[in-house]
Amino acid sequence: MLLRIEDIDAPRVVKDADRWIMDDLTWLGLDWDGEPVYQSQRLDAYEEALRRLREQGLVYPCFCSRADIRAASAPNEGDGFLIYPGTCRRLPAAERESRVARGDRHSWRLAVPDAYADPDPASCAAPDPDTSVMSEHADSDISRVDRAACDAPTEGLPRVVCFDDRVFGPQRFDLPRQLGDVVVRRSDGLFAYQLAVSVDDMAMGVTQIVRGRDLLRSTAIQLYVRRCLGATDTPEFAHLPLIDAADGRRMAKRLNSLDLGAMRERGDDPRAVVGYCAWLLRLVGEPRPMTPQELLPLFSWEAVAADTADRVADGGSLFR
Numbered sequence: 005m006l007l008r009i010e011d012i013d014a015p016r017v018v019k020d021a022d023r024w025i026m027d028d029l030t031w032l033g034l035d036w037d038g039e040p041v042y043q044s045q046r047l048d049a050y051e052e053a054l055r056r057l058r059e060q061g062l063v064y065p066c067f068c069s070r071a072d073i074r075a076a077s078a079p080n081e082g083d084g085f086l087i088y089p090g091t092c093r094r095l096p097a098a099e100r101e102s103r104v105a106r107g108d109r110h111s112w113r114l115a116v117p118d119a120y121a122d123p124d125p126a127s128c129a130a131p132d133p134d135t136s137v138m139s140e141h142a143d144s145d146i147s148r149v150d151r152a153a154c155d156a157p158t159e160g161l162p163r164v165v166c167f168d169d170r171v172f173g174p175q176r177f178d179l180p181r182q183l184g185d186v187v188v189r190r191s192d193g194l195f196a197y198q199l200a201v202s203v204d205d206m207a208m209g210v211t212q213i214v215r216g217r218d219l220l221r222s223t224a225i226q227l228y229v230r231r232c233l234g235a236t237d238t239p240e241f242a243h244l245p246l247i248d249a250a251d252g253r254r255m256a257k258r259l260n261s262l263d264l265g266a267m268r269e270r271g272d273d274p275r276a277v278v279g280y281c282a283w284l285l286r287l288v289g290e291p292r293p294m295t296p297q298e299l300l301p302l303f304s305w306e307a308v309a310a311d312t313a314d315r316v317a318d319g320g321s322l323f324r
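Residues in the sequence shown are numbered consecutively from 5, following the numbering used here.
There's no promise every hint is true.
[Unchecked claim] So the derived label-pair ranges between C-beta atoms look like this: (1) 273 - 61: 50 to 58 Å; (2) 61 - 215: 30 to 38 Å; (3) 38 - 107: 37 to 45 Å; (4) 59 - 214: 31 to 39 Å; (5) 269 - 101: 20 to 28 Å; (6) 211 - 160: 22 to 30 Å; (7) 269 - 102: 52 to 60 Å; (8) 44 - 104: 45 to 53 Å.
[To be verified] Cross-link-like lysine to any residue pairs, in silico, SDA-like; alpha carbons within 20 Å at most: (9) 19 - 263; (10) 19 - 42; (11) 19 - 44; (12) 19 - 46; (13) 19 - 8; (14) 19 - 5; (15) 19 - 266; (16) 19 - 9; (17) 19 - 45; (18) 19 - 40; (19) 19 - 254; (20) 19 - 265; (21) 19 - 264; (22) 19 - 194; (23) 19 - 41; (24) 19 - 7.
Honestly, the hints are just simulated from the structure, not real lab data.
Using N, Cα and C, we set each Cβ at its ideal position, and we do this for glycine too.
Working from the sequences, and respecting the hints, build out all of it.
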């Protein structure tokens, strides 16, 4: 396991949060290989990646505000994700250059292939509708923008990104219709999450990625970023069901009763936390205290994939 501290969003970084994370992992009995990698110390790598994308003509400046994008777009999914309508992609090159030169606030977006481009037929087959969590609005007209004026050379890049998830099965994302051109550098100058993690995964040789199902869409974006940067390999992905609070809302940091630091302070048993997580993953029939070492022989991707519904967790005295 590699430990990466994603502290690239400097204004939102909480002092000592990295130490808290490491303390939490140690308390649970988990360790990691090598030294922690801090994104805030890798800005040169992200700058170099952006330079390479610019040299290929794959990124363009976007002068739209969030309000502009909301006004011109419609949500693609229930979570409110907006597909960028391509407003600035259609601007003449001379106008873009002139606005950048005079200091107009702008982000940088990575262009995806045209919505009418032929998908790579060898990239993947259609997903199983019973296991895929792809968007139900893949054919929405909102992303079918006129891109004839765009000079981004996306020919040869995949319009459709596919991967086989260990839990949710085959996934298929039509980039222009479901995702649109994504920000790789924000208007405040900070590098976007999608670029930073893609660059880091490549540099760190990451081969397996396990995270929540809410990042399935991000996986498609990151695989496209990797392809644009010349990667030829694909990590193995496993996206887990999410954990909801007892009131049905998505688990969040606001629930202090389930904060690992708070658990440590009140004397909860870390083995109970590990055992409860094992039960949430359907690896054991009921919650019971265990260490990570005791859990390892019980782990099975087949067991996790057998139940992909989101889980409900309650705080209280579960871990005492």
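Would you mind confirming whether the straight-line C-alpha gap from residue 19 to residue 42 stays at or under 20 Å? Cα-Cα ~14 Å, so holds.
Tell me if the straight-line CA distance from residue 19 to residue 40 falls inside 20 Å. 16 Å, holds
Evaluate the given range 45 to 53 Å for the C-beta pair formed by residue 44 and residue 104. 26 Å Cβ-Cβ, so the 45 to 53 Å window is violated.
Between the beta carbons of residue 273 and residue 61, is the distance compatible with 50 to 58 Å? Holds, since residue 273 and residue 61 (Cβ atoms, about 56 Å apart) stay within the stated range.
Satisfaction of hint between residue 265 and residue 19, Cα-Cα up to 20 Å: 15 Å, holds
Do residue 61 and residue 215 keep their Cβ atoms within the hinted range of 30 to 38 Å? 31 Å, holds
Pairwise hint evaluation, residue 46 against residue 19, where the allowed Cα distance is 20 Å at most: Within the cut-off at roughly 19 Å; holds.
Does the Cβ pair residue 59, residue 214 satisfy 31 to 39 Å? Check passed, 34 Å falls within 31 to 39 Å.
Within 52 to 60 Å or not, the Cβ separation of residue 269 and residue 102? With Cβ atoms ~57 Å apart, the hint holds.
If you draw a straight line from the CA of residue 19 to the CA of residue 254, is it 20 Å or shorter? The given pair, whose Cα atoms are some 25 Å apart, is violated under the 20 Å limit.
Can you confirm whether the C-alpha distance between residue 19 and residue 263 stays at or below 20 Å? Since the Cα atoms of residue 19 and residue 263 sit roughly 17 Å apart, the hinted pair holds (cutoff 20 Å).
Is the hinted pair residue 19 and residue 45 satisfied, with a Cα-Cα distance of at most 20 Å? 16 Å, holds
Comparing the model with each numbered hint stated earlier shows that hints 5, 8, 14, 19 do not hold.
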